[in-house]
Amino acid sequence: MDVDRPVVPAGPEGPEGPEGRDGSDGSAPAPASVRGRGGRGRATGVRLALMALPLAFFAVFFAYPVGAIVARGLHQGGRWRFGAVGDVLGDPSIRHVLWFTCWQAAASTALTLAVGLPGAYVFARLEFPGKRLLRAVVTVPFVLPTVVAGSAFLALLGRGGFTDSLLGFRLDTSVWAILVAHVFFNYAVVVRTVGGLWAQLDPRQEEAARMLGAGRLAAWRRVTLPALAPSVAAAALMVFLFTFTSFGVIQILGGPTRSTLEVEIYRQTAELLDLPTAAVLTLLQFVAVAVILGVHAWTVRRRESALRLVDAARTAHRPRGGERALLAGVLAVVALLILLPLGVLVARSFDGPNGYGLAFYRALASTDGSGDGGTFLVSPLETVWNSLRYAAVATVIALAVGALAAAALARRAGRVMRGFDALLMLPLGTSAVTVGFGFLITLDKPPLDLRDSWLLVPLAQALVGVPFVVRVMLPVLRAVDARLREAAAVLGASPLRAWREVELPMVARAVGIAAGFAFAVSLGEFGATVFIARPDSPTLPVAVARLLGRAGEMNYGQAMALSTILMVVCAASLLILETAWQRRPDGRRTTVPTGEF
Amino acid sequence: MNSTIHRRALGALAVATACAAALSACGSSSGTKAAGGGTASGGGSRTVTVVSHDSFAASKSVLAEFTKETGYTVKVLRGGDAGAAVNQAILTKDHPRGDVFFGVDNTLLSRALDNGLFDPYTAKGLDQVPSDVQLDATQHRATPIDSGDVCVNYDRAYFAAHGIAPPQTFADLVKPQYKNLLVTENVATSSPGLAFMLGSVATYGDSGWQSYWKQLKANGVEVVDGWEQAYNDRFSGSAAGKKAKGDRPLVVSYASSPPAEVVGVTPPPAQSPVGVATGTCFRQIEFAGLLHGAKNPAGGKAFIDFMLSKAFQQDMPLQMYVDPVVKGAVEPAVFVKYGAKVDHPTTLPPAEIAAKRDDWVKAWTSTVL
Amino acid sequence: MTALLRIEAATVRFGDRAALDGVDLDVTAHETVCVLGPSGSGKSTLLRAVAGLQPLDAGRVLLDGADQAGTPPHRRGVGLMFQDHQLFPQRDVGGNVAFGPRMHKMPRERRDPRVAELLDLVGLPGAAHRAVSTLSGGEQQRVALARALAPEPRLLMLDEPLGQLDRSLRERLVVELRQLFGRLGTTVLAVTHDQGEAFALADRVVVMRGGTIAQSGTPLAVWQHPASEFVARFLGFDTIADGVVSGGVAVTAWGKLPVPDGTPEGPARVLVRPPGVLLGPADEGLPCEVRARTFRGGRVALVLGVTGAERAPALEAESTLRDAPAEGDRVGVTFDPGEVVVLDR
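Chains as they are written, first to last, in numbering that gives the first Met the number 0: chain D, 0 to 596; chain P, 0 to 368; chain V, 0 to 344.
Careful: at least some of the hints might be erroneous.
Within a straight-line C-alpha distance of at most 30 Å, the following computed DSS-like cross-link-like pairs (lysine-lysine) qualify [claimed, not checked]: (1) D/Lys-444 - P/Lys-92; (2) P/Lys-326 - P/Lys-67; (3) P/Lys-294 - D/Lys-444; (4) D/Lys-444 - P/Lys-300; (5) P/Lys-216 - P/Lys-326; (6) P/Lys-178 - P/Lys-123; (7) P/Lys-361 - P/Lys-174; (8) P/Lys-123 - P/Lys-326; (9) P/Lys-92 - P/Lys-174.
Think of the hints as simulated: they come from the structure by calculation, not from any bench.
Generate coordinates for the entire structure from the input sequences, incorporating the hints supplied.
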């Protein structure tokens, strides 16, 4: 799939026409990979070499474990039992689950886009104080454990919450709670994905349309929206995948009568150990995800077009006229939808048994392992370190695998490549329980006896990080002019050197954003982490969940305090990561287009 | 010049990686002191590996005592809740990851035993354990370690303010004065939810429990998916529930919740804000077993023995909020002061639970949801 | 003397179409050769083939007599200046110029002076620390040139070197480049679609058409004797008519034109270059009417129609501003035999 594929203008031809591409088929600016017979063979070799690591990674840490757990379910008593498929699909309650899973995901996606697109515009095009901080903050829900966020969300929609006290209605038991919570969690996906491209769209295109007589809205609809379509589609895909496989939100806010495939797979695997049913459901989810990816690839390919991209710094301006109202509206939505629930968590972390104070933070500090704190709790500082180091390792793995995959995919996508791209997305649509249990039954023999290794956790987290890295880097790599590489080559740089000297610096910002996402995903990752039993080094989200699982004011308060720490760590990490990659020595940003996703 | 930024960025990444590597190196050795340097495994291993659920906990000093007595260090592998941990152990029974499994309760015991998870071992000190909790007394594959009661908890302040006596029994809960007051958990997704339902089965029998639940439903019982939401968000008696504006003064929780609610609170209140309806309890007993195929069976046996020692038994209440099973083990003061005494909890034989559990859950789901 | 660059029967196909079709070309040391041709004639492909960026389907590329097949671009020792410069956006000016020497492992203490020297040479002294995005088009062109020259390539190739610049800058730079290459003794193979640029820059001009070489020679020779109607028209000559050569004259729709001695008899295409169309009083020579008049600075370009012969091809003529007739004026035309060229068919 060519997800939002910005193609830099200024092709090889000057104003006089496409001399440079001579007799090529005209679909590509004669990149280095389009060569004679010998060259073509070499390009394929390069692509295969680039794909080797990602393929091996996915084969060993995804296909093999998931395949094994599915096979364990369907292969029983010495033969394959595909009859289970019919049994499960014939169950009306499963069909109900499937239907609910699909429609709530579709509705959540639509709602998230509707709420998120104005936000994307505001964050992309308008300058206002605190923008960078706020951009990091809206990403925080994305990493929060759902069990924490779900609870905070009740403060918005539940009894005595915002809508109850101000508007007189409660949403906490309705399906609306699920939809609104999905917006809360995925707002940043839309803002970052679409906003990243929007910031770099040349505003003159829209101005040109307006000079030709189109109204403001018509110009947006006819010119900007089609140009944004690939990134909107990419954002929609990610949101759909996330909401399709929603787990915690459904459990906490949906009530016991609403269940998604993901919840059902969890129940069948972790609680009931009904592996045949779980296997069928996993396959069902694969089919659904494959269909989603197919539809997405189809829409993106139809919309694909060359875009004129400019420096993001040039398009941003202070709000004027109606934009002030838009900015106010978006800020109000952010405040209500994101800051309010987050604020509730923070407030509760200070609301101690004897009034507001640092009692819970002090309690956290007292379990620092120096005393006889027991093995249940580790010091909060240690969980922060655990989280950071897992996330750092997961980020490195995700970057290495994702960057290689993106590099392979950027060199022209054939049908095989598209399949490879889809494969990379599959982990997003796979239950953490399936992966975690799969790890347990497959990675148990040398040379891959990793079951007790701390590495399992970052490996599982990297599986989810890789799709982000690929989505962020692919458009940028595709937009890097192949002739820059050639320019380096004729100046004496070997292909490897040219990549290091020319391409890598150009995609550095995208790498930073990709790293930020992978890091955030790992930081907040809960499912795989909790299902992989390991020597005790709990991450922040795991420690929060442990505390929440116990009665008592101190436990609950400490959970809130740890959640607050998690939020701060996440926002700070994102700010640091993005700043480190974004800044240039002369203080200007690069003009390299950066698609996010 | 040109490459300063990306060099700096790469540098940051390199530093992060190096830190991560360094941290992980020391994390595996010092992260848990109790785990020690337990890297070597095999015949002569001095490490005992305990596989358990996420709630397993013990004081470091108690584990250090074990090491001092036996020379074994303890490494704990935790994964998921009780159900998930048992299922993981079953899935990996051909290559067990440890020597001892702790944390299978009576609702799951048959599944573990039927799958041949454990080798028989008669623990030292078993004679001090009452026979009514020894559910595998003939073969000694599973050794009872602790017990806990799932009971309806009530918000003392609510009932005092409204001048109503709090309920005490299953039968009380369907009375009109308790209409719309109880919140419980989905039996399909929650362990206390399941236990509460089993309690109703034990009380009203296989033929009567469903009609009891029909009455409960008519009396406005609310069902949520997990204990966290029920206790922390919906229940009005817990500190968390107060902040979350919970409006249900009755919740299905544990007999240990009242003391837990006040642990660490200073100054200590005269009474826990939460009370226990002692006639609504279902007893959960947790077992440990020697994993079949354990690499260090001698160490595993030693740890099972140790879990029945006074030191470990008396440490459990504050670490895991459960009751000791060994006669004469002294409970901590906070449990004595704030806890409830449950004299006649309901129980069901594990075999019956294993046989009928799925049908019960299905029946419950169609009746209540 | 062997050629520095020898191209033998070079062929590159894209699908069914040949972008290069058996091209033979030699470039000797210190020579500046300009390849001239319209879009799609294969001239950029030729440069890419020499650089090793485009594998040949047939034929050979030899540098200093050595076959370059299998030698990757970075080991060929040739320089290529891209038409839109392709400066590395994340490096400053000095970083761009120093790139080649760095790849060739030139030590820093020699590299820095070399960068300064080259920036002096292209007229941008002290610009080493400027960001490339702050450069004007002309400055970018100069930096690209300095970057291409920096590793001292044995052959410098330029792809539309002045293509994106405005006219006055182009005219100035083309002179500068010619002087610079003469001074440095650089061997240059350049590609352009602009005949003026090619004639001003080159020792030798090669005109390409459809992947083959249509004509090769000094600028003067090509200008004076376009080998074919294609070359003539590409050079901007449109006064071309059918004729029959017989006894030292060609009979055309414009009447009888004198042709050079030794011109083969028979049907031919006949070109009259604009300076060869001489204007006189309306009653002398071929009667014509001025259809269009274009002001070209010091001179005026005229398009003339033959009176009473509307189907005869139009004539292009030149005149001084003072003598130029007005549109609609009637003039008489005679022809200068020296400007009449009989084209190969």
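Hints versus structure:
1. D/Lys-444 - P/Lys-92: holds (13 Å)
2. P/Lys-326 - P/Lys-67: holds (24 Å)
3. P/Lys-294 - D/Lys-444: holds (15 Å)
4. D/Lys-444 - P/Lys-300: holds (25 Å)
5. P/Lys-216 - P/Lys-326: violated (40 Å)
6. P/Lys-178 - P/Lys-123: violated (49 Å)
7. P/Lys-361 - P/Lys-174: holds (26 Å)
8. P/Lys-123 - P/Lys-326: holds (14 Å)
9. P/Lys-92 - P/Lys-174: The hint is violated at about 48 Å.
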